[in-house]
Amino acid sequence: MADPSFLILVVDDEELIRWSLQQVLASDGYRVVVAADGGEALARLAEAEPDLCLLDLKLPDCDGLQLLPQLHARVPHLLVVVMTAYGSSEIEGEARRLGAVDFLRKPFDPGALSLRLRTLLGQGVRDGCRVE
Amino acid sequence: MSPAPTTPHPFPLFRYFSLTTLVAMVVGAVAVAVVVGRLASREVVTRSEAHVARVAQDLTYELSHTLLFPGRNQGEGGEGALADRQAVQRVVAPHITFADLATVRIYRPDGTLLYSSDGEPVAADLPALARARAGAIVSRPTTLSAPPGSEPRRALTTYLPLYEIPAGSRQLPAGGAVLGVYAITQDVTDLTLRLARTRDAIWLLAAGSMAALYLVLLGIVRRAARHLAADRQEIVAGHHALVEQRDRLDTILANLQEGVALYDSDHRVVFMNRPLVERFGDCRGELCYQALFGLARPCCGESTGERTCGKSWFSLMTPKGETYELFTTPVPQPDGRCWTLELVRDIGERVCLERERVARGEEVERARQAAVAQLLVGLNHELNNSLMGILTTLHVIEQEGVAAAVRTEAAARVRGELERMRVLVTHLPGITEVGVINYVGGVSMVDPWLVPKGPQGGEIAVASLDLSVPELGGERRADRSTTRT
Numbered sequence: 727m728a729d730p731s732f733l734i735l736v737v738d739d740e741e742l743i744r745w746s747l748q749q750v751l752a753s754d755g756y757r758v759v760v761a762a763d764g765g766e767a768l769a770r771l772a773e774a775e776p777d778l779c780l781l782d783l784k785l786p787d788c789d790g791l792q793l794l795p796q797l798h799a800r801v802p803h804l805l806v807v808v809m810t811a812y813g814s815s816e817i818e819g820e821a822r823r824l825g826a827v828d829f830l831r832k833p834f835d836p837g838a839l840s841l842r843l844r845t846l847l848g849q850g851v852r853d854g855c856r857v858e
Numbered sequence: 006m007s008p009a010p011t012t013p014h015p016f017p018l019f020r021y022f023s024l025t026t027l028v029a030m031v032v033g034a035v036a037v038a039v040v041v042g043r044l045a046s047r048e049v050v051t052r053s054e055a056h057v058a059r060v061a062q063d064l065t066y067e068l069s070h071t072l073l074f075p076g077r078n079q080g081e082g083g084e085g086a087l088a089d090r091q092a093v094q095r096v097v098a099p100h101i102t103f104a105d106l107a108t109v110r111i112y113r114p115d116g117t118l119l120y121s122s123d124g125e126p127v128a129a130d131l132p133a134l135a136r137a138r139a140g141a142i143v144s145r146p147t148t149l150s151a152p153p154g155s156e157p158r159r160a161l162t163t164y165l166p167l168y169e170i171p172a173g174s175r176q177l178p179a180g181g182a183v184l185g186v187y188a189i190t191q192d193v194t195d196l197t198l199r200l201a202r203t204r205d206a207i208w209l210l211a212a213g214s215m216a217a218l219y220l221v222l223l224g225i226v227r228r229a230a231r232h233l234a235a236d237r238q239e240i241v242a243g244h245h246a247l248v249e250q251r252d253r254l255d256t257i258l259a260n261l262q263e264g265v266a267l268y269d270s271d272h273r274v275v276f277m278n279r280p281l282v283e284r285f286g287d288c289r290g291e292l293c294y295q296a297l298f299g300l301a302r303p304c305c306g307e308s309t310g311e312r313t314c315g316k317s318w319f320s321l322m323t324p325k326g327e328t329y330e331l332f333t334t335p336v337p338q339p340d341g342r343c344w345t346l347e348l349v350r351d352i353g354e355r356v357c358l359e360r361e362r363v364a365r366g367e368e369v370e371r372a373r374q375a376a377v378a379q380l381l382v383g384l385n386h387e388l389n390n391s392l393m394g395i396l397t398t399l400h401v402i403e404q405e406g407v408a409a410a411v412r413t414e415a416a417a418r419v420r421g422e423l424e425r426m427r428v429l430v431t432h433l434p435g436i437t438e439v440g441v442i443n444y445v446g447g448v449s450m451v452d453p454w455l456v457p458k459g460p461q462g463g464e465i466a467v468a469s470l471d472l473s474v475p476e477l478g479g480e481r482r483a484d485r486s487t488t489r490t
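Listed in order, the protein sequences are those of chains A and B. Here the first sequence is numbered in the numbering used here, starting from 727 and rising by one per residue. Here the second sequence is numbered in the numbering used here, starting from 6 and rising by one per residue.
Honestly, the hints are just simulated from the structure, not real lab data. This one's a predicted model, so the numbers in the text were calculated from it and none came from an experiment. The beta carbon of each residue, even a glycine, is placed where N, CA and C say it ideally should be. Don't take every hint at face value.
[Unchecked claim] Computed beta-carbon distance windows for the label pairs:
1. B:V430 - A:E741: 16 to 22 Å
2. A:G819 - B:C357: 43 to 49 Å
3. B:C357 - A:E741: 54 to 60 Å
4. A:E816 - B:V363: 32 to 38 Å
5. B:V430 - A:G819: 29 to 35 Å
6. B:A417 - A:F834: 21 to 27 Å
7. B:V363 - A:G837: 51 to 57 Å
[As the list claims (entries may be wrong)] Derived, one-sided and incomplete: chain A residues facing chain B with beta-carbon distance under 8 Å:
8. S731
9. L733
10. L747
11. Q749
12. R757
13. E766
14. A811
15. P833
16. P836
17. G837
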């Protein structure tokens with residue numbers, strides 16, 4: 727069971743993904759907030775500082791790679807995992823350059839995601855800072 | 006255009022023969038008559054002389070031998086016998102009677118009359134007498150006295166020499182001493198009249214022949230003239246028809262948009278129509294391949310100089326880059342050579358348009374292929390998202406201890422997503438428009454959902470390409486939110 731003190735922000739324009747990830751992560755013991763677009767995501771940051779963000783690249787109001795620096799500007803230690811339904815090595819390189827700690831190509835195994843998040847959050851707690 | 010009318014000649018006689026010709030014919034007839042008349046006169050003399058010659062053979066011998074024989078006349082002083090009129094009369098009379106002589110006169114060498122058969126003292130023609138005394142036989146036309154009220158009769162007097170005949174000779178010598186001259190006069194009136202009638206008949210015959218010849222020639226000429234006129238009419242009509250056809254052809258050629266040229270067998274330009282002249286100038290007489298196309302040699306396989314006299318079609322690019330389409334048709338000439346009628350069409354603009362069209366078609370095809378690729382990317386994205394949602398939701402369902410309500414909702418959501426996928430897949434063939442969004446990193450994809458998603462979503466309107474291809478239409482939708490409601 728994960729540490730319930732971790733707050734995870736899920737940003738995805740697909741409502742089913744938001745809902746299902748919320749259910750999965752919640753069942754793993756995380757606190758979860760969701761946002762359907764970039765504006766909503768920034769609003770969630772104003773309410774609470776999440777420890778990790780699952781960020782979809784393709785959003786209705788902005789591009790995920792554009793949103794990523796803004797998230798770090800608000801929460802510098804925020805761990806950002808980029809998700810995309812269509813990605814390339816160039817996009818992955820760009821995302822990592824902008825501070826993403828991981829890059830997941832949809833569809834991925836939710837069980838594997840749980841393990842990955844546990845690893846990232848444990849490492850982040852141990853390091854006390856996000857990965858640059 | 007009708008043939009020029011032929012006006013009747015005011016003097017038909019002069020239509021076919023000139024005045025000079027007619028005068029020449031009249032002069033010819035007169036000349037024939039004159040010649041015939043002279044021949045007739047000469048015939049009179051000839052016949053008389055021939056008669057005299059026959060008479061003189063005997064008369065000269067008898068007069069010379071009988072009357073001037075030395076032995077017989079010595080005693081009478083040489084002229085005794087001659088002076089014996091009766092003796093002379095006996096010699097002469099038979100000849101006058103049988104030879105049809107008018108008179109016989111004998112002259113002394115000095116020209117005085119010694120004897121006259123009719124007893125008239127007619128003076129001698131001294132020049133003729135002198136010539137006869139020299140040994141010649143001389144004839145002179147004279148006249149005979151006629152009764153009062155009648156025409157004098159025509160006569161011919163012939164002067165002959167009388168020779169001295171040697172003793173014992175029985176033949177008239179060819180020469181020797183001339184004792185005197187005698188003159189024989191013949192009445193040639195009848196002969197002259199007969200010959201005059203003959204001359205008149207010949208003259209009339211000549212004139213008639215000339216007239217007949219004239220009429221025959223006139224008929225021949227008029228017949229020939231009629232044929233010539235008919236031929237001329239036919240030629241004129243043919244010429245007019247030819248001119249009309251040529252005018253029509255000129256009109257057609259002048260109004261053609263394409264250029265038309267006629268070349269001879271040496272590739273010299275013989276004819277150019279107006280469009281070709283306006284484009285190249287008047288190049289008649291120049292070599293076609295040089296003047297029109299700037300080539301050093303004949304084109305299209307004519308470098309051997311032998312034209313094939315066959316129709317051909319080919320396109321030609323000049324050194325200047327101009328492109329022409331040429332249609333050639335042979336025009337055989339009566340001398341066996343072959344001219345060429347060529348239709349020259351400038352297809353430079355058409356070639357450029359064709360190249361542009363091909364390039365544009367290739368560009369459109371590339372854009373379509375790119376659009377398809379982008380559409381596939383978009384579909385991949387959408388399907389991956391749906392699969393992601395479904396997998397995650399199934400993961401929720403599979404987890405232990407999940408509330409039934411959550412499980413039920415999850416199942417419903419899965420079904421809803423599957424329905425959305427079904428709608429998407431079902432409507433794929435109906436994709437007609439493609440909207441493009443620019444993905445970060447240069448990857449473009451197509452959003453197949455230009456209408457609301459989900460169970461409430463209507464039909465799928467999808468897509469299109471980069472809007473730099475206007476033929477494909479559509480509006481650029483950079484912001485995906487604008488594509489959704």
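Evaluation of the provided hints:
no.: 1; hint: B:V430 - A:E741: 16 to 22 Å; verdict: holds (20 Å)
no.: 2; hint: A:G819 - B:C357: 43 to 49 Å; verdict: holds (46 Å)
no.: 3; hint: B:C357 - A:E741: 54 to 60 Å; verdict: holds (55 Å)
no.: 4; hint: A:E816 - B:V363: 32 to 38 Å; verdict: holds (34 Å)
no.: 5; hint: B:V430 - A:G819: 29 to 35 Å; verdict: holds (33 Å)
no.: 6; hint: B:A417 - A:F834: 21 to 27 Å; verdict: holds (23 Å)
no.: 7; hint: B:V363 - A:G837: 51 to 57 Å; verdict: holds (56 Å)
no.: 8; hint: S731; verdict: violated (22 Å)
no.: 9; hint: L733; verdict: violated (19 Å)
no.: 10; hint: L747; verdict: holds (6 Å)
no.: 11; hint: Q749; verdict: holds (4 Å)
no.: 12; hint: R757; verdict: violated (17 Å)
no.: 13; hint: E766; verdict: violated (13 Å)
no.: 14; hint: A811; verdict: holds (4 Å)
no.: 15; hint: P833; verdict: holds (4 Å)
no.: 16; hint: P836; verdict: holds (4 Å)
no.: 17; hint: G837; verdict: holds (7 Å)
In summary, the structure is inconsistent with hints 8, 9, 12 and 13 from the numbered list given earlier, while agreeing with the others.
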